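These are the residues of each chain, in order.
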Amino acid sequence: MSEAPRPTVAVVVFPGSNDDRDAQHALELLGADAPRIWHTADELPRETAAAVVPGGFSYGDYLRCGAIARYSPVMGAVIDFAARGGLVLGICNGFQVLTEAGLLPGALRPNASLSFVCRDVPLVVERTETPFTSRCAPGQELTIPVKHGDGCWFADDTLLGELEANGQLVLRYAEGANPNGSIGDVAGVSNEEGNVLGLMPHPEHAVEPLLGSTDGALILGSLIDAARLSLAASV
Amino acid sequence: LVDVELATDDREQALAALEQMCERLLANPLIESYSIELARV
Numbered sequence: 001m002s003e004a005p006r007p008t009v010a011v012v013v014f015p016g017s018n019d020d021r022d023a024q025h026a027l028e029l030l031g032a033d034a035p036r037i038w039h040t041a042d043e044l045p046r047e048t049a050a051a052v053v054p055g056g057f058s059y060g061d062y063l064r065c066g067a068i069a070r071y072s073p074v075m076g077a078v079i080d081f082a083a084r085g086g087l088v089l090g091i092c093n094g095f096q097v098l099t100e101a102g103l104l105p106g107a108l109r110p111n112a113s114l115s116f117v118c119r120d121v122p123l124v125v126e127r128t129e130t131p132f133t134s135r136c137a138p139g140q141e142l143t144i145p146v147k148h149g150d151g152c153w154f155a156d157d158t159l160l161g162e163l164e165a166n167g168q169l170v171l172r173y174a175e176g177a178n179p180n181g182s183i184g185d186v187a188g189v190s191n192e193e194g195n196v197l198g199l200m201p202h203p204e205h206a207v208e209p210l211l212g213s214t215d216g217a218l219i220l221g222s223l224i225d226a227a228r229l230s231l232a233a234s235v
Numbered sequence: 001l002v003d004v005e006l007a008t009d010d011r012e013q014a015l016a017a018l019e020q021m022c023e024r025l026l027a028n029p030l031i032e033s034y035s036i037e038l039a040r041v
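For the record, the sequence lines run as chains W and F.
Heads up: the first sequence runs through residues 1 to 235, numbered per my numbering.
Heads up: the second sequence runs through residues 1 to 41, numbered per my numbering.
All the pointers check out, no bait thrown in.
Now the in silico label distances, taken between C-beta atoms and shown as ranges:
1. W:S234 / F:E23: 35 to 43 Å
2. W:P73 / F:S33: 26 to 34 Å
3. F:S33 / W:P15: 28 to 36 Å
4. F:V41 / W:G212: 50 to 58 Å
5. W:P15 / F:E23: 23 to 31 Å
6. W:G85 / F:L25: 23 to 31 Å
It should be emphasised that the hints constitute simulated quantities derived from the structure, not laboratory data.
Note that the coordinates shown come from a computational prediction; the quantities given were computed from them, not determined experimentally.
Note that the Cβ used here is the ideal one computed from N, Cα and C, for glycine as well.
All chains should be modelled from the sequences, with the hints used to inform the complete structure.
As structure tokens, then:
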């Protein structure tokens, strides 16, 4: 039996990124090739089947988290890739970058507590028909860590209603477990087309039993499944 | 507070440039408001 093909999932790296190697490790563990792409690159590798914008920091996060990174050369390539239907996952600072870039709705504000939070949180999977959650069961509870100071996702009532109606609210914090004051307990949101997802929790930190949870593998594994499919479709 | 120095004497041109800077980078209009004050230096 031949091995499943390893799709290329490009991991973007900004000055200040610090979860890029964790993302690379997790993706490679789960069956992808995951080259790290420096922020000055103005294109992604030709074979890229998905892109991950990882956590950490970017350009000092001056003005607002992700506001400067959004104008980096590599983000031009990511925006083009997403516009062509490419799969893009933003984790934590990556989520902030993608909202600043306009690839995802809403914005991330400082945590309601004004304190940095770093702990495992329970999440509920609201949508499973996405490229990022296909390995999950509807309503499944996942345990994945968060570590952020600016994770309070915001949308006004009108936008929140639209996103709810469109099925773009993919992950929520379990009832009573919202770590940052995020509106509607939203932990992860997609774009309207469904090919871009951002989330504050770190699936790459929950892929091996040693890390306390393997639930993050469901998210990253779903992405790799979808990347593999897009690879097969492009042959 | 953000100070921006522009090499122009044209008030309209300066306002237009600053509006664009605020909308695209200096503020996130979804969660932030801004106001612009012009002064000749």
